[in-house]
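Undergrad: In case you want the letters, here they are:
2 protein chains.
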Amino acid sequence: MISFEVIKTHSHSSARLGILTTPRGQIETPCFMPVGTQATVKSLTPDDLKSFGAQIILGNTYHLYLRPGHDLIRSLGGLHKFMNWPHPILTDSGGYQVFSLKKLAKITEEGVTFQSHFDGSSHFISPERSMEIQQALGADIIMAFDEPTPHTASLDQTEKSLQLTTRWAKRCKEVLHSDTQALFGIVQGGMYPDLRRKSAEQIMEIDFPGYAIGGLSVGEEKKLMYDITGHTAPLLPADKPRYLMGVGTPEDLLQCSSMGVDMFDCVMPTRNARNGSLFIKGGKINIRNEQYKTDPDPIEPDCSCYTCKNFSKAYLRHLIMVEEILAMRLLTLHNSTFYQQWMTSIRKAIADDVPFR
Amino acid sequence: MISFEVIKTHSHSSARLGILTTPRGQIETPCFMPVGTQATVKSLTPDDLKSFGAQIILGNTYHLYLRPGHDLIRSLGGLHKFMNWPHPILTDSGGYQVFSLKKLAKITEEGVTFQSHFDGSSHFISPERSMEIQQALGADIIMAFDEPTPHTASLDQTEKSLQLTTRWAKRCKEVLHSDTQALFGIVQGGMYPDLRRKSAEQIMEIDFPGYAIGGLSVGEEKKLMYDITGHTAPLLPADKPRYLMGVGTPEDLLQCSSMGVDMFDCVMPTRNARNGSLFIKGGKINIRNEQYKTDPDPIEPDCSCYTCKNFSKAYLRHLIMVEEILAMRLLTLHNSTFYQQWMTSIRKAIADDVPFR
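So the protein sequences, as listed, match chains A and B.
Sequential numbering from 1 applies to the first sequence in this note's numbering.
Sequential numbering from 1001 applies to the second sequence in this note's numbering.
A couple of the hints might just be wrong.
As the list claims (entries may be wrong) - Pair by pair, the computed Cβ-Cβ distance ranges are:
#1 289(A) <-> 1193(B): 53 to 59 Å
#2 1178(B) <-> 352(A): 33 to 39 Å
#3 1219(B) <-> 267(A): 42 to 48 Å
Think of the hints as simulated: they come from the structure by calculation, not from any bench.
The structure displayed is predicted, hence computed values, not measured ones.
Ideal Cβ positions, reconstructed from N, Cα and C, are used throughout, including at glycine.
Chain A extracted, bound-state conformation (with noise of 0.2 Å):
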């Protein structure tokens, strides 16, 4: 199972020191997971992700199930070895993935019937489906299969979704019987902070040995996202992690830690790379710039990535403007490696016990 220690508080803010142990190692939080949604952080290999010091990883449930799909990742000796991470694996519950098909989705009290977002074949998922399925990814962490509310629903709807999440939470936990996968609960609640209390109120009676803040960053503005995150989190027991899914920007991350959040995850880092949108100190940069054509320095001289050891930007704005592939990589990795110097940074402040800024 897993075991979290708080190594130290924060008296600068809410923030924590921690380290998550694992069966398959420890992970120092608050932590960034790369997002491998299937069964690869886009671009990298194992090695690439060891390079810049990233201790869990995430997977999505949805897309493994569907492609190439659990059995096979099971008869293969699971998630880990499929894809030859030994380190820790958090996956989603699908959830999130299947409600945003919105109108291909179909939602009872039973479940979810959707249509395949690239074949359009019928599935059905319900929470013991997604505990089945994550046991054969074999996750060191997973998470209970909710309903995400959107951010716009009004509070009757809102509620409404956090009882359903909160049956299928017991669900979850009820079929779920494993020594070495530990399931967290989801705290729903949209935007209304008090439905927020009643939702981390209902899960926490559920008992997990971790908690996530789910239906956030999905359209919101900042500054609710932001209240909403630090009306919660102090909700959640101090001795368990803490999960914000889906965020952020490392501005987020930075915010949300300060407010008591442990772990992370977000596409952005990756995606943004492979458009060209790079994370420097005190911002961001697109390396399609004009201005970048014959720039001979790197992305950023005091970085540490392979990219910014070893090419110029007037290099990398050539391989992404001619659309060869080792620019997805090489920016992949710049990005990649900001965001957990950035963890790396905020753990450190913790540590130290000095101000975030």
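Dock chain B against the given chain A, drawing on the hints supplied.
TA: Frame of chain A; chain B shown alone:
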């Protein structure tokens, strides 16, 4: 400049074991040069190239002239520095690509006017211009600007073409003044042995530090390609490197090594990899095939490449079926490693003076 030493000749064939010394390092011959068209061997980093023992790579003048432009590359310190490959590079003359545009190209005694394949802009390349561009790129070995003759050309057409190639080769040599770049002449003459002899004599008369056989592997029958290569290679000076352009399959490399060819290049290992076609001992497989869906074994159990050491065929098939770009790199690594190992085994057979099989 370069020097070439034949270390050993094969008593079972006309093959030679050689060392080609360039300002940027030595190359064991017979050698295969991975193709780095746009200042990158597609999907691979310089570290990847070193991992499988590439000693020299090829760059395409036509592509680099158009994007990012030879002036830009020169201003950034040349192609080696631009792509961070400090080892030997050979550039072609641009002729092959320009002529393959066919309807978009207009040929005169002076040179070729053509339209860019990607934006339709008009350009002119002459022997002098090709030398200027290749000097800006700064490769260790550069090629004379020639007219590749279609394999369907008549005797008259072919003779006219080889005479033009000779006049252009003279113009190339006249304008090239370099202590560091070695200019290779190219023998044409199509599918006519007498014209191959005539071309070889004319090109040798100009005197180059190395000679290429051009205009083969362009659609003619395999046997004809072997016949023309076997006829032409021994016409060339024994103490100079012989380069068979654009060839070929592993079998071609072996057959043509046995005829005394020292250098090869081809997009086959890299392009095939991106289509899922993988070289193995005794043949090829396509990793997309259903039969590999659950295959837990590597492509080749005794292959030393990163891909075979770390991933199953089932995983590689999954990656390519879901169009993950990591597939491109992992499969390219395997095929490129296969080619380099193949050349190593050819060189070992010559060194040990045993038959190729």
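Undergrad: Identify every previously stated hint that the structure contradicts and give their numbers, smallest first.
TA: 2
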